[in-house]
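Going line by line, the protein sequences match chains C and E.
Going by the working numbering, the first sequence wraps up at 338, each residue one higher than the last.
Going by the working numbering, the second sequence wraps up at 270, each residue one higher than the last.
For the record, the hints were derived by calculation from the structure and aren't laboratory data.
Note that the Cβ used here is the ideal one computed from N, Cα and C, for glycine as well.
Please note that the accuracy of each hint is not assured.
[As the list claims (entries may be wrong)] Taking beta-carbon pairs under 7 angstroms as the criterion, some of the chain C residues facing chain E (in silico): (1) ARG142; (2) THR159; (3) VAL332; (4) ARG336.
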Amino acid sequence: MSNPIIEAHNVCFQYEDAAAPAVKDVSLTVEAGEFVAILGRNGSGKSTFAKLLNALLLPTGGTLRVNGLEARTEDDCYEVRRSCGMVFQNPDNQIVATIVEEDCAFGLENLGTPPEEIRRRVDEALLDVGMAEQAGASPSMLSGGQKQRVAVAGVLAMRPRIIVFDESTAMLDPVGRRDVFELARRLNREEGITIVWITHFMEEAALADRLLVMDRGRVALAGAPREVFAQVDRIMKLGLDVPEMMKLAARLRRAGVKLPEGIMTVDEMAVELCRLK
Amino acid sequence: MLKGVTIGQFFPGDSLIHRLDPRTKLLATIALIAIVFVSQGFAGFLLIAAFVLACCASTGIHLKFLFRGLKPILFIVLFTFALNLFFQSGTTVLLQLGPVKITAEGLRMASFMAVRLILLVVSSQLLTLTTSPIALTDGLESLFRPLEVVKFPAHEIAMMMSIALRFIPTLMDEADKIMKAQKARGADFETGNLLQRAKAMVPLLVPLFVGAFRRAEELALAMDARCYRGGAGRTRMHQLRFKGIDALAALAVLALLAAVIALNAFHVW
């Protein structure tokens with residue numbers, strides 16, 4: 062059963078006055094309800110790709126359909142932005158209003174939703190992300206993780222089918238990071254929202270359904286996280302790290318210990334090591 | 002050093018005046034200012050002062066906050082008082098020292114002007130004490146809405162004001178951080194004369210400005226991502242609505258105006 066929600070065919074994007082394209086010939090499909098992680102070092106084009114998904118940038122080549130829609134006219138752009146929400150990296154720079162619930166309402170207000178409907182959806186969204194108690198608070202009083210949850214609520218209120226997280230945990234402390242990541246996983250599992258999770262944390266990427274590694278504007282590797290991380294050498298060559306246990310497994314294997322492929326966590330490693338004779 | 006700076010002087014509360022529509026409060030404040038100018042005598046001023054003090058008392062805000070706003074204009078009040086006192090011509094001389102004389106008319110005029118100035122400040126103070134900056138912004142946007150027909154950017158101005166309010170604490174934090182970072186590298190913000198201290202601020206202001214521009218760019222992107230396209234076709238979650246108490250407030254202000262006009266007509270004091 063195939064139900065693609067993002068379809069990219071040879072998508073290219075080049076910034077004006079840039080020597081080389083930031084995104085080059087990217088072709089991929091994302092199924093509705095998938096949790097896809099995108100890894101890549103700085104400048105690999107992953108953030109540019111995120112902005113293409115949200116129609117903040119329009120492809121300079123190829124075709125990109127998001128939720129069945131190609132952003133050609135201005136109205137299409139707004140529809141794409143509504144159906145494909147985006148949570149940015151810096152929690153401070155994406156909150157517009159001086160009160161949590163007002164910020165949450167911002168997107169719906171822009172769409173011209175009737176006030177009663179906005180009220181209802183804002184309350185729902187804040188409850189959903191666990192920020193209902195802080196509805197009347199000032200964003201400047203919140204922690205980074207809480208601010209990101211407010212940002213997620215603002216996107217959720219618009220009832221998107223896809224949410225793109227563009228390194229949304231990069232500036233958070235470990236607690237906030239786990240909170241936001243778990244929230245994204247729960248929205249994916251329970252509400253069937255497709256998640257595109259852009260990150261440089263291997264531990265987060267390892268938990269995705271599918272993993273794409275971008276390098277110099279192209280998709281360099283793609284597949285289930287276990288398969289992708291198994292190619293330890295290639296990943297290292299792309300300037301990325303693999304989860305610690307994968308590195309350990311690779312070294313043990315080189316030293317002659319017979320370990321199966323695809324060990325990613327400490328627990329899995331412990332189990333496999335105990336199985337050895 | 003920058004900690005504890007409050008924005009505006011809003012005191013949260015749940016009094017009748019707090020609950021008034023911000024538009025009512027804005028218009029009432031303008032009316033109050035007009036009434037201060039209408040009044041021709043001290044009896045009128047007394048009535049206005051009683052009205053303002055009663056309003057303030059009903060909000061539960063300590064009266065001293067009403068007068069806090071006077072500090073910056075104290076000099077102007079004294080200057081006006083002195084000017085009128087010495088240079089107002091009159092016939093009834095109270096005191097004469099060489100060429101300088103103080104007349105009864107001068108004294109009356111001087112006190113009249115001083116009281117008028119004080120009342121002007123104090124009555125507008127009531128507005129900012131009981132209305133949050135956000136409510137104020139919403140009220141202004143709504144009041145200036147009709148002017149959009151003549152291309153007055155009411156929505157844009159209100160949006161700019163609320164974003165500015167939103168980022169004041171953020172930029173404050175950032176300034177504090179930069180200051181500490183510069184101090185750790187031996188910067189000195191506290192000693193030296195005015196010029197030296199102003200110069201010391203340059204390494205603080207440059208990164209602050211660069212940071213603000215970066216933030217502005219990211220914020221614009223985030224607003225775009227959430228379908229922002231200006232004021233046209235936009236709705237608001239919180240609708241401003243006039244209620245019974247707003248009519249009541251309007252009546253109270255009208256009554257005050259009528260009373261002051263009556264006092265003028267009878268040339269009371």
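Consistency of the hints with the structure:
1. ARG142: holds, 5 angstroms
2. THR159: holds, 5 angstroms
3. VAL332: Hint violated; VAL332/C Cβ to chain E Cβ min 43 angstroms, cut 7 angstroms.
4. ARG336: violated, 48 angstroms
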